[in-house]
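Order-wise, the sequence lines are chains A and F. So my numbering is basically just the index in the first sequence, starting at one, shifted up by 8. So my numbering is basically just the index in the second sequence, starting at one, shifted up by 629.
Keep in mind that the hints were calculated from the coordinates and are not lab data. Keep in mind that a hint or two might mislead.
[What the hints assert, rightly or not] Going by beta-carbon spacing under 7 Å, a handful of chain A positions derived as facing chain F:
{"hint": "1", "residue": "Q214"}
{"hint": "2", "residue": "S411"}
{"hint": "3", "residue": "A433"}
{"hint": "4", "residue": "V473"}
{"hint": "5", "residue": "V477"}
{"hint": "6", "residue": "E480"}
[Said to hold, decoys possible] Sample of chain A residues at the chain F side, in silico, Cβ under 10 Å:
{"hint": "7", "residue": "K55"}
{"hint": "8", "residue": "A116"}
{"hint": "9", "residue": "I120"}
{"hint": "10", "residue": "S337"}
This structure is a prediction, so every number in the text was calculated from the model and none was measured. Glycine included, each C-beta is placed from N, C-alpha and C at the ideal position.
Next come the chains, spelled out residue by residue.
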Amino acid sequence: MSPMDQSLQSIPQAADYIRFLPELVLSICGIVVMVLDPLLDEESSQKTLGLIALLGTIAALAATLYMSTYPGLGFWNMIRVDEFSVFFHFLILSIAAVVILMSYEYMAVQRIRGGEYYGLILFGVLGMVLMSSAVELVLIFIALEISSISTYILAGFRLREASSSEASLKYFLLGSFATAFFLYGVALMFGATGSTNILAISQSLQANTSVLAYVAVALMFVGLGFKVASAPFHVWTPDVYEGSPAPIVALMSTGPKAAVFAVLLRIFFQANAPGRFWLIWVSAALSMTLGNVGALVQSNVKRLLAYSSIAHAGYVLVAFAAAPELGTSAALFYTAAYAAMNVGAFAVVSHFAGFGERYVTLEDYSGLGRRSPLLAATLTIFLLSLIGIPITGGFFAKFYVFSAALKANLVGLTIIGVINSAIGAYYYLRIIVVMYMREAREETPVPSVPAALGVALAISLIATVYLGVLPERVLTYAQTSAAQLVHAETAAASAHPGAVPPAP
Amino acid sequence: MSSEILNSWILTLVTFIPLGGALLLLLFPRRQRDIRIFALVVTLLTFALSLHLPVHFHRFQAGFHYEIDRQWIASPNIHYHMGVDGISMWLVVLTTFLTPLCVLISWKSIAERVKEFFILLLVLETALIGVFTSLDLFLFYFFWEATLIPMALLIGMYGHGRKVYAAVKFFLYTMVASVFMLAAILWLYAKVGSFDFVTIQAAIRSGQVEGFSSAATWLFLGFFVAFAVKVPLFPLHTWLPDAHVEAPTAGSVLLAGVLLKMGTYGMLRFNLGLFPEQARQNAPWIMVLALIGIVYGALVAMVQPNLKKLIAYSSISHLGFVVLGIFSFTSAGLNGAEFVMLAHGVSTGALFMLAGIIYERRHTYEINELGGLATPMPMYATFFLFITLSSVGLPLLNGFIGEFLVLSGAFQARAVYGVLAATGVIWSACYLLWMYQRVFFGKVTQEVNNSLPDLSAREKTALWPTAVVALAMGVLPLIWLNAIDPAVQNALAPFAQLASKVAGR
Chain A
9 MSPMDQSLQS IPQAADYIRF LPELVLSICG IVVMVLDPLL DEESSQKTLG
59 LIALLGTIAA LAATLYMSTY PGLGFWNMIR VDEFSVFFHF LILSIAAVVI
109 LMSYEYMAVQ RIRGGEYYGL ILFGVLGMVL MSSAVELVLI FIALEISSIS
159 TYILAGFRLR EASSSEASLK YFLLGSFATA FFLYGVALMF GATGSTNILA
209 ISQSLQANTS VLAYVAVALM FVGLGFKVAS APFHVWTPDV YEGSPAPIVA
259 LMSTGPKAAV FAVLLRIFFQ ANAPGRFWLI WVSAALSMTL GNVGALVQSN
309 VKRLLAYSSI AHAGYVLVAF AAAPELGTSA ALFYTAAYAA MNVGAFAVVS
359 HFAGFGERYV TLEDYSGLGR RSPLLAATLT IFLLSLIGIP ITGGFFAKFY
409 VFSAALKANL VGLTIIGVIN SAIGAYYYLR IIVVMYMREA REETPVPSVP
459 AALGVALAIS LIATVYLGVL PERVLTYAQT SAAQLVHAET AAASAHPGAV
509 PPAP
Chain F
630 MSSEILNSWI LTLVTFIPLG GALLLLLFPR RQRDIRIFAL VVTLLTFALS
680 LHLPVHFHRF QAGFHYEIDR QWIASPNIHY HMGVDGISMW LVVLTTFLTP
730 LCVLISWKSI AERVKEFFIL LLVLETALIG VFTSLDLFLF YFFWEATLIP
780 MALLIGMYGH GRKVYAAVKF FLYTMVASVF MLAAILWLYA KVGSFDFVTI
830 QAAIRSGQVE GFSSAATWLF LGFFVAFAVK VPLFPLHTWL PDAHVEAPTA
880 GSVLLAGVLL KMGTYGMLRF NLGLFPEQAR QNAPWIMVLA LIGIVYGALV
930 AMVQPNLKKL IAYSSISHLG FVVLGIFSFT SAGLNGAEFV MLAHGVSTGA
980 LFMLAGIIYE RRHTYEINEL GGLATPMPMY ATFFLFITLS SVGLPLLNGF
1030 IGEFLVLSGA FQARAVYGVL AATGVIWSAC YLLWMYQRVF FGKVTQEVNN
1080 SLPDLSAREK TALWPTAVVA LAMGVLPLIW LNAIDPAVQN ALAPFAQLAS
1130 KVAGR
């Protein structure tokens, strides 16, 4: 009798719901937002529903805190609460909170109704956090779809722009295609191991590894590689980022990426996927190189940051190629630092874009240092962090990733990485140069910073600098999470002796 | 405060007081006068505190002084480890000495975005001091990279002409080169498990680093490239003239006075300290490059029509002496190299200030726009001559001591190097004195130059200290060398063993 059948006989315990509490909070808030939407006029739908969404994410953060005191498996071994999933819950929910804060101003300027927008953000975030705690491939697939479909729609939210609809459609078509790859991989993995549970797969793969498992891992990597925008599955990124609303780009360049990285880490290291090394190696090297070289010639800041996000996915993958434990903690830290600085950068871009996102080219940023010193200084710090200059999180994250890679003797990949980060310096620097060293050609207006955006910027800024100066706490947390993730199978093996036997 | 506590915290204070000042400046209202005065007070305070270092320096105490070693991050194993020896201590003092002068010289010439300027200047000072005081390789790299941004912004925001081009070129050259150093540092950490300079040095010397023998040359080169660009060593020097010509005066002073020394200091500390054998193997071609730098820099300086460019190329020539001295592996050579670093910091810093003073009046650096300035500006001419002579290497002034020591070191290493380098001294006399003649002697060629005002009290205040120090260093070099020599002997210790090893075969 398989453990699935055993568990089906019992009903869910209270602890199961606690382990699922943040997801519950998010879905309830999402439904509330959707229901309230028709009852409110445009202006108050922006304000009130935004507030509800914000409170929802904060409540979900509190729920995560509560959840973290109940580590273990829940819902018939489908989800697993450990420090690893708590880490990603915190990260993704914080990203969501900051994105909602910056959406406040954006919605008012662009005149977008709040209901669907905030509702979809909440549902998308629900999918993302669920991905980080799911240890069952089918559930992962469902979570991935919840998150992806929400972001497909959100990408099209600049209703008056054709480019936004194009972005949405492109993202949807290519994304569905990629998800199909993932699903096919899941099916093959089930064929190879007789299970879709990551912990059971891990044990089965230890016993014997068939060719099927290799193909399955490759297919899953294609699907997930698309979601994190790693080369060679990155071609959609610039167009989609350019067309989508800026706050949504902030979300989708960090939130789903973090969640999918969590899934990748689980599949690669917890399930101990075979044949992963060269997949990661090639994808990492390609992402860093194509991302950085592509960014060199961009004149649209959103496109530039899109290419930069491809490059940063590459740096994270460098960590994946390193030794499991050290690599995982480096990847966790990098994801967190990247989230802080990238969300911050997009907060400035979104504020500066104006109605219809008119001001998004490099030219528009000229003289910003003089017109709005504080905003320019803030953006500078985010950009310096993206380059990897000291006292910022980006520096430490890169340092840690390359250090982990060298520890695993990946000299070639490290050299490619450091050369790339030098190339990267050039295009981030271009923005700084334009802001401080060029005079404005025509006075592009700089609206004053509203309170919500100020809070969003302050959170991102503090997080960026905090991770660079006092990384110890987050680092320790990342390290214990990584240790739990990598050594989960031994813990699971002792807890569930009756694992599924490999398929004949 | 007991002196014990002060001794362990003094480096922290000296390093971070400018940064604290910069943060306070952020809160200042935009009243230019207050900002300037505040910046001056902060930099003077830093200078006064940094004098604690040489005053309480114990010559015969081995190893590093004023050490502080606290854990910063447990894993990766990063320590807040600071300390100085005779070599780095004087570079710290040089930095703190030049910065208040930079504030004074920028008093009038920076009229726009004053607050940002002084914030950048103070942040730069912290980063520069940090480079010299760090004994943890992570911390060192941290400060090393941190110098880039304020300097690039100073050039790009306050420079003249093709300032953006110069700033970006400066940034990219240094950034690209230093990532190789980062890779080398990370490799060392992966094998040793520590970023601590002393620990790594001990591990390398006792041969405990696995795979070191095959990687050592690459590691040496990784560090060396980063430092060589900074020095700058021929043929990696092309960013320097651009950066100097376009930089504001204070930027040039710190660039020539301190930033370039980061490179030579790095060679001395890390290339020699961690990889003595590889340094020995690679010394021949490095010395050849240094010689080319000396002669080439001097020859190009001679034909420059632009005052600042001339001084910039003279820096390349002088820094060639430093590299030559370092890679001669002789006691005289190393002492001389360190002394040239300090002397060059003072004299070239002063030369750039003088160039800035004339630029404020005439808005040009072109030598043929000037001429006969001795008549309208006698005081200026006197200071200029004094500093020029110190830069040329006139005995009893600071340039002479260092160059003499380097040359004698080079002779000991290989006579032909000494001979060739000695021509550099002649060249420097040629281009500097010829430049002096064209600028100051003869009749006033341009009508406007007749009415130029002589030095103001503020400008004199900025110049007097450099002149006094230039003289003091020339007359009483032992004040400096007493502290430098033990550190140099320490740096040379492995080379004596190497030599005996070779002889033993």
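Do the hints match the structure? See the list:
1. Q214: 28 Å, violated
2. S411: 5 Å, holds
3. A433: With Cβ-Cβ at 5 Å, under 7 Å, it holds.
4. V473: Interface hint status for V473/A: violated (12 Å vs cutoff 7 Å).
5. V477: Cβ of V477/A sits 9 Å from chain F, so the hint is violated.
6. E480: 5 Å, holds
7. K55: It is violated, given that the least Cβ distance between K55/A and chain F is near 33 Å, above 10 Å.
8. A116: Since the shortest Cβ distance to chain F is 30 Å, the answer is violated.
9. I120: With a closest approach of 36 Å, the I120/A hint is violated.
10. S337: 9 Å, holds
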